[in-house]
Amino acid sequence: MSEAKAVPDPKDVLRDLIIREELVKPNRRVFVIDKTKIREAISRILKTYGETSAYLSSVAGVDKIEQGIMELNYFISILPRTEVIVLRVQLPRANPVIDSILDIYPGALNFECETYDLLGIQFNGNKFLKRGFFVPEDVVKKGVYPLRKDAKW
Amino acid sequence: MTLLTEAVVKIPISLEVPVGPQHPALHEPVVLKLYADGEEIVNVEILTGYNHRGIEKLFEMSSFYKGVFIAPRICGICNTIHANVYVRAIEQLLGMEPSPRAKYLRVLALELERIHSHMLINAIMAEILGYDTLFMLIMRDREYIMKAKEILTGNRVTSEYFMPGGVRRDIDDTKRERILDLLKRVKPRLEYYKKLFETDPTVTNRLIDVGVLKPRDVVLHSLVGPVARGSGVKTDVRAEDRYDAYGEVPWNVVTRREGDSMARMLVRWDEALESWNMCEYVLTHLPGGQAVVDERKLPRVLPPGEAYTRGEPPRGELTYYIIGYGRDRPYRVKVRTPSFTNIINSGFSYIGYSIADVPVILVSYDPCIACMERAVLIKNGEEKRLTLKELANMKKR
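Residue numbers (the numbering used here), protein chains in the order written: chain C, 1 to 153; chain P, 1 to 397.
Pulled out of the complex, with its shape left as it was, chain C reads as follows (with noise of 0.2 Å):
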């Protein structure tokens, strides 16, 4: 137990970033984040529990159409801490651009070509971003992003 208490707390990391807090059951905290901070959330983490202790483990994208926003939540697996947390950004529907964190986790390759590919989330300064990652070539050519909810081909 000892142990586990000298795991910093994310929420104490990343206090400052933090807009508000949610929660995805079962017991999953999510920070909401502006999305200029994505980065900058991203590296803290990094540093605070070091290259081998905390990985990423899932990035879903969700086309909130009502609301005319892309959420964004980056799943993070902290493993001393045996805890996941999410990262949610907001991005505008009309213009979803945010910056990659490719360069801080190379391991966020599949996730942004993957969301690129189906949402048509922008990622900056990701170059390998392309139509027909996944999305069969018929449908790259009408310009169709499959997972958002306006989708008609």
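Just so you know, these hints were derived from the structure itself, not from any lab. Treat the hints loosely; a few may be bogus.
[To be verified] Per label pair, the in silico range of CB-to-CB distance:
no. : chain 1 : residue 1 : chain 2 : residue 2 : range
1   : P       : Pro-250   : C       : Arg-44    : 35 to 41 Å
2   : P       : Asp-37    : C       : Arg-15    : 47 to 53 Å
3   : C       : Pro-80    : P       : Asp-172   : 41 to 47 Å
4   : P       : Tyr-192   : C       : Thr-36    : 37 to 43 Å
5   : C       : Lys-130   : P       : Arg-189   : 44 to 50 Å
6   : C       : Arg-44    : P       : Asp-200   : 27 to 33 Å
7   : P       : Asp-200   : C       : Asp-150   : 38 to 44 Å
[Said to hold, decoys possible] Listed below are the simulated DSSO-like cross-link pairs for lysine-lysine, each with C-alpha atoms no more than 30 Å apart in a straight line:
no. : chain 1 : residue 1 : chain 2 : residue 2
8   : P       : Lys-234   : C       : Lys-130
9   : P       : Lys-234   : C       : Lys-11
10  : C       : Lys-149   : P       : Lys-66
Just so we're clear, the structure is a prediction, and the values are computed from it rather than from any experiment. Ideal Cβ positions, reconstructed from N, Cα and C, are used throughout, including at glycine.
Following the hints, complete the assembly by docking chain P onto the known chain C.
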């Protein structure tokens, strides 16, 4: 922190070798585009998209009840864990809790699947090495586990065993004895194959010091499962989340420090033996009570809320992120499978090894392309909505 470099194509003597999409090692489509300088690999591009079936969109278009049967179709080999993680996310949203007996039976189904999956990939490794006799022997003994899984769930492969609130079939004492009997025949074989992998020069000469991964590279590239544990990173969702009965059944997380292809294969043999012990424990300590859930009494509507559940398939961490919005269908389902990170992000690990090592390294990651690629069923540029019946008949066409 190695990223794929772009300058390599400019090397005048570099050779471009496409491996796939009809892959020599696997019966699934993916392309590894190798750039070689002589025999040495200098860059790898991983090309995907040959097997994308639009399952995430299909989830959004179907009721959550139908989703229970769509999730296992993502992957044949690890179908029970897909159903399990999906069902646990739905349980979180519905506020349901399975009975202790159902939790134990779930662990039994998941661990039987782990044993046969680890045997399968070790058999394929033997085949890749040209050791076909070993391939056939392992596949023969794997059938005992498939039979045990059939007795438990009603089917060898796609089992349809999980349902929010419990499982769909229970076992009696006769079935319990039959499964125990089958397991007893497998244990000496597992021990024998492990010893064979450790000592036979046909295997060791090809696997030791091939595809070495450092713990730092593993974590930064989000590699999970036996790939991470083979490099000394102690990560196992069963120990971290203690879902179902994993908090009650005694077992150990297996790790090795070497980080090479051999370490990854041996982690799998050790895990298969751990799983064997867990299966035996479950069968001898099965709690009483009701395990089967009455599907007719399930709620019809998925309440608003978000759930993020994780599980540990044979290949590594699997996650489901499900959003409910007060209708019968989910608003969004995001599936992150272990091969999605283990294969796409591991391009850096082939660099510096020879062309002949590529199949060995790829197989040591236990790739599952069907798992990796999922999101809208598209045919001739038109979206086609599938009924569950059509989905069930798809294989026959």
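Structure-based check of each hint:
At about 38 Å, the beta-carbon gap between Pro-250/P and Arg-44/C stays in the expected band of 35 to 41 Å. One distance hint, 47 to 53 Å for the beta-carbon pair Asp-37/P and Arg-15/C, holds here, with the actual separation near 50 Å. As the Cβ distance of Pro-80/C to Asp-172/P is approximately 44 Å, the hint placing it in 41 to 47 Å holds. Tyr-192/P and Thr-36/C have their C-beta atoms about 58 Å apart, which leaves the hinted 37 to 43 Å range violated.
Checking the proposed 44 to 50 Å range against Lys-130/C and Arg-189/P shows it holds: the Cβ atoms sit about 46 Å from each other. A hinted range of 27 to 33 Å for the beta carbons of Arg-44/C and Asp-200/P is inconsistent with their spacing of about 48 Å. In this structure, Asp-200/P and Asp-150/C break the distance hint of 38 to 44 Å, their C-beta atoms being roughly 58 Å apart. Of the supplied pair hints, the one linking Lys-234/P and Lys-130/C is violated, its CA atoms being roughly 34 Å apart against a limit of 30 Å.
Taking the CA atoms of Lys-234/P and Lys-11/C, the gap is near 24 Å; set against the 30 Å cutoff, the hint holds. Using a Cα cut-off of 30 Å, the hinted pair Lys-149/C and Lys-66/P holds, with the two alpha carbons roughly 20 Å apart.
Violation of the numbered hints given earlier is confined to hints 4, 6, 7 and 8; the remaining hints are satisfied by the structure.
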